[in-house]
Amino acid sequence: MEKKLRNFNITGMLFILPAILIVILLLIYPIFSSIYFSLTTKNLIRPFYDFVWFENFKFVLTNPDFYKAFVNSIKWTFFSIVGQLFVGFSAALALNRIPRFTGIYRTLLIIPWAFPAIVIAFSWKYILNDVYGFLPNLLTQLGITSSNINFLANPDLVFIVVVLINIWFGAPLFMVNILSALKTIPSEQYEAAQMDGASPLQVFWHITIRHVRVVIGLLLVLRTIWIFNNFDILYLITGGGPSDNTTTLPIFAYKVGWGMKQLGVASAITVILLLFLLGICFLYFKLLDKWERDDR
Amino acid sequence: MNKKLFVLFLLILSLVITACGKEDDTSNQGSSGEFDGEITVWHSFTQGPRMEFMQSAADAFMEEHPKVKIKIETFAWPEFYTKWTTGIQSGQVPDVSTALPNHVVELIDVDALVPLNDVIDNIGRDRFYEAPLQEGTIDSDNFSIPLYSHAQVMWYRKDLLEEAGLEVPKTWEELFETAKALNNPPNLYGLSVPMGSGDMMATRFLNFYVRSAGETLLTEDGKANLTSKSAIDGINYWVKMYNETSPEGSVNYTVLDQANLYYQGKSAFDFNSGFQIGGVETNSPQLVDQIDAAPMPKINESDPDNGIETSNIPVVVWKNSKHPEIAKAFVESLYEKEEYIEFLHSVPAGMLPALKDIAEDPMFLDEPTIQKFDNAVKIISEAVDKGTAIGMENGPSLQSGIITSQSVIEKMFQDIVLNSVPVEEAAEKAEKELNDLFDMLSR
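For the record, the sequence lines run as chains A and B. Numbered by our numbering, the letters in the first sequence go through residues 4 to 299 in order. Numbered by our numbering, the letters in the second sequence go through residues 38 to 480 in order.
Derived from the structure by calculation, the hints contain no laboratory data. It cannot be assumed that every hint is accurate.
Claimed, not checked - In silico DSSO-like pairs for lysine-lysine, Cα to Cα no more than 30 Å straight-line:
#1 A:Lys71 <-> B:Lys466
#2 B:Lys409 <-> A:Lys128
#3 B:Lys108 <-> B:Lys277
#4 A:Lys61 <-> B:Lys466
#5 B:Lys466 <-> A:Lys78
Isolated chain A (complex conformation) (with noise of 0.2 Å):
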């Protein structure tokens, strides 16, 4: 006891406390605060409000809007993560494979993260819009259409569209970060893995996936958490809609918060959210212990 004591260094302490209070403010207060919003009547412009316990956990719980909205995050989130780390993969083994200029590709294809997400949302609303879009028209001057498709507001269209535009979106994190992972394996693992006759994929797996996948796992909870927390580029979009079809659970929260100013509602949501991430966050983290241990 008395050694940590001695070990204890005040001054350290001393220069690392602005830092934590500033955590402490910006982290630790807006979630303790949605969740003690979550138990109240909270009203966006009215000054008063009760506390009604778990209320509005209830009526979230028992609202078929709230699981529809939920089941459109999860759909959201988990193809636009595959298809995100399918692209980004590829594009960073083709351009492993690339000798020269590798610095020239490579920032060209992270231009989509370069634009604000207004700019992504109003553009692609532009080019897929029936009237003056550029895609639609295209695919009718060349035969494939009969008519201009509006692939924004058709139901069976809109859902893969968005999540299009996401992997467009989001493949070039995937690939800077995957790039850089690959060009960190020696290059002598692959060869004494074709002298001992290894085959292609024997080598893609036991050596590539290998030295890559902690990178790859931890890209998987970020991306997870910002993708199923994602709000702006899918509200610039299509607002939700048409017809609540890609209506997520962060749309469906400032709906409430924002439309019906019930910000104690919205707080119920959002704790729900909290809640799913940090299992998934606890899964992948499980995850990500094991395989730091096999890799030691």
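Based on these hints, arrange chain B on the given structure of chain A.
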């Protein structure tokens, strides 16, 4: 006992001093009777000339009252709403602002505004139209003053009708037949029916039909009306119009998408106020001579002229204001004849006067666009006089905000056209959803 009395005396004395201090704090006029203080004005006029007018009005007021400072802040309507809803929580609200009628109702509900009866009386109560004043009136307290008005009317393309030898439609059925006859996608659509869930356009269109039948989307007891015969007929009508004359993508259209289609010359008919002129002028100047307005269609030509939808954009003074007298004086200054007409002319034919005498004043009427579109201005002025904001036909209510902001009617239309839900079933579901949302207001 004496000690207790002494403490009580001190307490009362401190309260008196505090009260006096507060009086001093909120005093707007110095010993000379001159205004003294700083006020913040929020407005939503993001376009050049209107924005410039607000600044010049503030400059003129500051010149007249040298000890007053006016800080002008401009926000587009969606941002504006976010600003004040969050501002109310933190106390960061302005002294004066523009608002939409639905905002005014919500602000009255949370006791955020001061009555402006004295300002209205100073300007001249008789000079205002009655309906716009009523939109911000609770128990004879006027919480808002209409700054300008506009109303929804039918816009059409004269050249297209002439080429096809068709008349300007007067009934809904005639409109359908004419729009269908002109429909030639993808070059031209007869009439776009917007249903985007990020806006209130489908609610607006349904309201046109229901109001023309003499009914309202909100009943007198504040319930939603989507299942009456007129409402069901209206839903069927717009679904039919969507299927026959509208771009498929209009299921996602918001107000801007809808207006753009007409501005680009891609639709033969549209509904809008006089702001339509400026939009066409900017986007397709070659079409300006080909557009005109007509009164809203009716179910039968002989039906009475029921007021449809008027938008009265008001100004309000916030209760949080430290200088309410300065704020009120500034509001009053906006209605000085010459300056007011200059303001209205910044969007000619788009912003119509809230004052009856100005509407007939030669100085207001003597403007090139207003003269060129005199027929449209006359039709819009007549419509302004009779209509109200959607859901405010029976006076201001919080329900009117819900019916236009929650996209329930938009989703109902989307369910019908995209998921083939039967009209009656979709209408019943949407009506119940709206009534449930109204019940939530009391939480």
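Worksheet item: Are there hints from earlier that the structure breaks, and if so, what are their numbers?
Response: Hint check: 2 and 3 fail, others pass.
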